[in-house]
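The primary structure of each chain is shown beneath.
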Amino acid sequence: MRLINQQLSPPALLALKLAPFVLLVIAYLAGSAARLADNPADKLLPALSSMATAIDLMAFTPDRRTGDYLLWTDTWASLKRLGAGLGISTAMALVVGVAIGIFPVIRALLGPFVGFVAMVPPLALLPVLFIMLGLGEISKIALIVIGVAPLMIRDMAQRVLDLPREQIVKAETLSANSWLVVWRVVLPQVLPRLIISLRLQLGAAFLFLIAAEAISSDSGLGYRIFLVRRYLSMDIIFPYVAWITFLAAMADYGLDRLRRWLFPWSDMEGGR
Amino acid sequence: MTALSIKHLWKEYGDQIVLENISLEIAPRSFVALVGASGCGKTTLLRMLLGQEQPTRGQILIDGEPLPPEPGPDRGVVYQRYSVFPHLTVLGNVMLGPEMAGSRFWGRLTGTRKRDLQDRARAMIADVGLAGAEGKYPAQLSGGMQQRLALAQALMMQPRVLLLDEPFGALDPGIRADIHALMQRLWHTLPMTVVMVTHDLREAFTLGTRIIALERTRTRPEEIARYGAQIGKDIAIWPPRVAGGGTIYDNPALRDDPALEDLIAGRPDMLERL
Numbered sequence: 000m001r002l003i004n005q006q007l008s009p010p011a012l013l014a015l016k017l018a019p020f021v022l023l024v025i026a027y028l029a030g031s032a033a034r035l036a037d038n039p040a041d042k043l044l045p046a047l048s049s050m051a052t053a054i055d056l057m058a059f060t061p062d063r064r065t066g067d068y069l070l071w072t073d074t075w076a077s078l079k080r081l082g083a084g085l086g087i088s089t090a091m092a093l094v095v096g097v098a099i100g101i102f103p104v105i106r107a108l109l110g111p112f113v114g115f116v117a118m119v120p121p122l123a124l125l126p127v128l129f130i131m132l133g134l135g136e137i138s139k140i141a142l143i144v145i146g147v148a149p150l151m152i153r154d155m156a157q158r159v160l161d162l163p164r165e166q167i168v169k170a171e172t173l174s175a176n177s178w179l180v181v182w183r184v185v186l187p188q189v190l191p192r193l194i195i196s197l198r199l200q201l202g203a204a205f206l207f208l209i210a211a212e213a214i215s216s217d218s219g220l221g222y223r224i225f226l227v228r229r230y231l232s233m234d235i236i237f238p239y240v241a242w243i244t245f246l247a248a249m250a251d252y253g254l255d256r257l258r259r260w261l262f263p264w265s266d267m268e269g270g271r
Numbered sequence: 000m001t002a003l004s005i006k007h008l009w010k011e012y013g014d015q016i017v018l019e020n021i022s023l024e025i026a027p028r029s030f031v032a033l034v035g036a037s038g039c040g041k042t043t044l045l046r047m048l049l050g051q052e053q054p055t056r057g058q059i060l061i062d063g064e065p066l067p068p069e070p071g072p073d074r075g076v077v078y079q080r081y082s083v084f085p086h087l088t089v090l091g092n093v094m095l096g097p098e099m100a101g102s103r104f105w106g107r108l109t110g111t112r113k114r115d116l117q118d119r120a121r122a123m124i125a126d127v128g129l130a131g132a133e134g135k136y137p138a139q140l141s142g143g144m145q146q147r148l149a150l151a152q153a154l155m156m157q158p159r160v161l162l163l164d165e166p167f168g169a170l171d172p173g174i175r176a177d178i179h180a181l182m183q184r185l186w187h188t189l190p191m192t193v194v195m196v197t198h199d200l201r202e203a204f205t206l207g208t209r210i211i212a213l214e215r216t217r218t219r220p221e222e223i224a225r226y227g228a229q230i231g232k233d234i235a236i237w238p239p240r241v242a243g244g245g246t247i248y249d250n251p252a253l254r255d256d257p258a259l260e261d262l263i264a265g266r267p268d269m270l271e272r273l
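Chains as they are written, first to last, in numbering that gives the first Met the number 0: chain A, 0 to 271; chain B, 0 to 273.
Think of the hints as simulated: they come from the structure by calculation, not from any bench. If you're wondering where the values come from, they're calculated on a predicted model, not measured in any experiment. Among the hints, erroneous ones may be present.
To be verified - Computed spacing ranges between beta-carbons, pair by pair: (1) A:Leu23 to B:Thr109: 41 to 49 Å; (2) B:Ala224 to A:Leu12: 55 to 63 Å; (3) B:Glu222 to A:Met118: 42 to 50 Å; (4) B:Thr109 to A:Ala14: 53 to 61 Å; (5) A:Gly202 to B:Gln58: 39 to 47 Å; (6) A:Glu136 to B:Arg103: 36 to 44 Å; (7) A:Trp260 to B:Thr111: 29 to 37 Å; (8) A:Leu160 to B:Thr216: 36 to 44 Å.
Glycine residues also receive a C-beta, built at the ideal position from the N, C-alpha and C atoms.
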């Protein structure tokens, strides 16, 4: 049988899905054990036990100086920035993207401009943002918006343009004015795509968040990682990275479930 | 009773002439089938009737008034594809037109107006043979059912002119025969003029009262761009079909097609039978 036609039994499927994760853990444990055997004070690949101690210290023991549980305050600080940045970007994508896609005037006015702005490397603007907006929350949120919004706007505009012209004309023959075409025909059909677009930008948003926090912050997941980096505290960095990955993966999964629940038609054949 | 009148219509895309000096009078309540080879401009002509495209030269009149330059609720349309909205259920698709006509900002009705509209929509859905499918999305319907839905959706607006762009071209023969019967019944019962583009001659002769064939008379490669398609054949179906009846034989009392007068004028022997 050809490889492309292989049918897998459910246990084999599960085993294959888990295999890379298991291999990663085994490789880490082996590397860690080998390095610790050479040098018990090695900090690069700490043992699971020292990571557990670190997790306990960060997540379940109040900080001696502030009394905060650091992992949770860091997470809360980071998620606030991420949520604000992605929320603003999503709103912009919805309003500006749909407007570019459907109104010829707005498309002529903003289409090429947004395409140009999307090419600005956001991290190169980071010093400018810090100088102009200060070192507070605004500059971090602004970095996420600058990094994420133009791409989402372009994606939205393209999705609107991809709607068959026949549908727009049909809506006109059903007495729709411009606003009703947007409200009853275009918006509902691009909302599922907006959620997909948001999922695809999660990774980039975390990148910009951590970059901003690394440079100037007093809390946040990125701040903590770059703080303990000075002490080579891999036992803290690895759990933090795993936690960030977990948060991003959960957000990705949750958004996809949200899309299916809100827009059951969007997964059907012929749906958009 | 809506007459369409096309006067010296030209359509050019840049240097390419697609339609050349088309003049056509379409009588009220007629069912005109536009046929022709691929790329001869029959869909372009339909789009101009719809208002989706503008003629380069010439004029289209609807009941003597110039056609508005954009699509509107007086002209309904059913395409071969993309005629229904994938994000709305069958009921939602059928209600959409009157909802948007009745609520110019929210596009949704409430209270008794909504209930009345729902009743009307359910009746229309049942009329086109989709009873029981009200809650389904278009992706859950077969091709034939989707086209029935598209017809129901367009007819809710009670258009004066219904434009069909190869609406049944993608359907199986059996399904197509069923939907032809539906189309005939709808044309007989609703006060509308129908223009249908099709590449299926059999369909054209089954449904139409009049067949218009668009043809390019000059087909040498160096001529194709500079000469557009013209009306090659204009065939009135004999015996004439009359909206509201089968043919004049079946129901002479119901004839309301003024074109009939001219047709019969050419065949004096028919007068006695009437």
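We went through each hint and held it up to the structure:
1. A:Leu23 to B:Thr109: 41 to 49 Å: violated, 56 Å
2. B:Ala224 to A:Leu12: 55 to 63 Å: holds, 58 Å
3. B:Glu222 to A:Met118: 42 to 50 Å: Hint holds: Cβ distance 47 Å, inside 42 to 50 Å.
4. B:Thr109 to A:Ala14: 53 to 61 Å: holds, 55 Å
5. A:Gly202 to B:Gln58: 39 to 47 Å: Roughly 57 Å apart at Cβ, these two residues miss the hinted range, so it is violated.
6. A:Glu136 to B:Arg103: 36 to 44 Å: For B:Arg103 against A:Glu136, whose Cβ atoms are near 42 Å apart, the range 36 to 44 Å holds.
7. A:Trp260 to B:Thr111: 29 to 37 Å: Holds - the Cβ-Cβ distance for A:Trp260 and B:Thr111, about 31 Å, lies within 29 to 37 Å.
8. A:Leu160 to B:Thr216: 36 to 44 Å: holds, 38 Å
The structure fails to meet hints 1 and 5 from the earlier list, while all remaining hints are met.
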